[in-house]
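**Q** Now for the letters of each chain:
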Amino acid sequence: EAGVTQSPTHLIKTRGQQATLRCSPISGHTSVYWYQQALGLGLQFLLWYDEGEERNRGNFPPRFSGRQFPNYSSELNVNALELEDSALYLCASRSNLGAFFGQGTRLTVV
Amino acid sequence: QKEVEQDPGPLSVPEGAIVSLNCTYSNSAFQYFMWYRQYSRKGPELLMYTYSSGNKEDGRFTAQVDKSSKYISLFIRDSQPSDSATYLCAMSLAGSYIPTFGRGTSLIVHP
Chain A
20 EAGVTQSPTH
30 LIKTRGQQAT
40 LRCSPISGHT
50 SVYWYQQALG
60 LGLQFLLWYD
70 EGEERNRGNF
80 PPRFSGRQFP
90 NYSSELNVNA
100 LELEDSALYL
110 CASRSNLGAF
120 FGQGTRLTVV
Chain B
131 QKEVEQDPGP
141 LSVPEGAIVS
151 LNCTYSNSAF
161 QYFMWYRQYS
171 RKGPELLMYT
181 YSSGNKEDGR
191 FTAQVDKSSK
201 YISLFIRDSQ
211 PSDSATYLCA
221 MSLAGSYIPT
231 FGRGTSLIVH
241 P
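Those sequence lines, one after another, are chains A and B. All residue numbers for the first sequence refer to this note's numbering, where the first residue is 20 and numbers rise by one. All residue numbers for the second sequence refer to this note's numbering, where the first residue is 131 and numbers rise by one.
So that you can see chain A by itself, here it is in the shape it has in the complex (with noise of 0.2 Å):
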């Protein structure tokens, strides 16, 4: 069974741009949580989805974004790209075993 699946690996953007980052689940599970985890910090939540739906969203100002799609996969929006968005962008899929992260989208905003 795959695993949780994001791209790209790498992106790099200009300070300013807007960045798009995908994210498709482990087959079956229906809900998406995206995090950002900067150099140095912990796991710090942005986006639950379930159903297609945003359920919740952590403290981030609204150019951070995302939707999902019918088939659960999900995509995070960042509009505005500010430096300080270099991050790793991990997102997350859930079953009633636990929440399985991908590999991560490493951004760099320059």
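Note that these hints are calculated values from the structure, not bench results.
Some chain B residues well away from chain A (every beta-carbon gap over 12 Å; in silico): (1) 144; (2) 182; (3) 183; (4) 187; (5) 199.
So these bits of chain A aren't anywhere near chain B, every CB distance computed over 10 Å: (6) 79; (7) 81; (8) 84; (9) 88; (10) 103; (11) 105.
With the Cβ distance kept under 10 Å, some of the chain A side facing chain B (calculated, not the full set): (12) 23; (13) 25; (14) 54; (15) 61; (16) 62; (17) 64; (18) 74; (19) 75; (20) 77; (21) 107; (22) 109; (23) 116; (24) 118; (25) 123.
Glycine is no exception: its CB is placed at the ideal position from the N, C-alpha and C atoms.
The hints should help you fit chain B onto chain A, whose structure is shown.
**A** Just chain B, lined up with the frame of chain A:
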């Protein structure tokens, strides 16, 4: 006070040692408890997932939850150099299941 407190370490132990990693939390409503292992620049890997107070064992790993003290532990027996990584505790509420993470403890197992 952060919801989940975890000593960042580093914790350095010799190969074969028993490792004890701990977290405390402040929200008594947390119902689910997890331990993850994260190698450098990789995604976290789920090691243990527990619901109730008590112990859960899986191979060399034992997770312990004490809800009355709001304290969880992960024990690693016969530690190996390949266990060198950052260990993250996480916990979540029933209903949302959104994991709230500690900062992680860096473990170094030297040969």
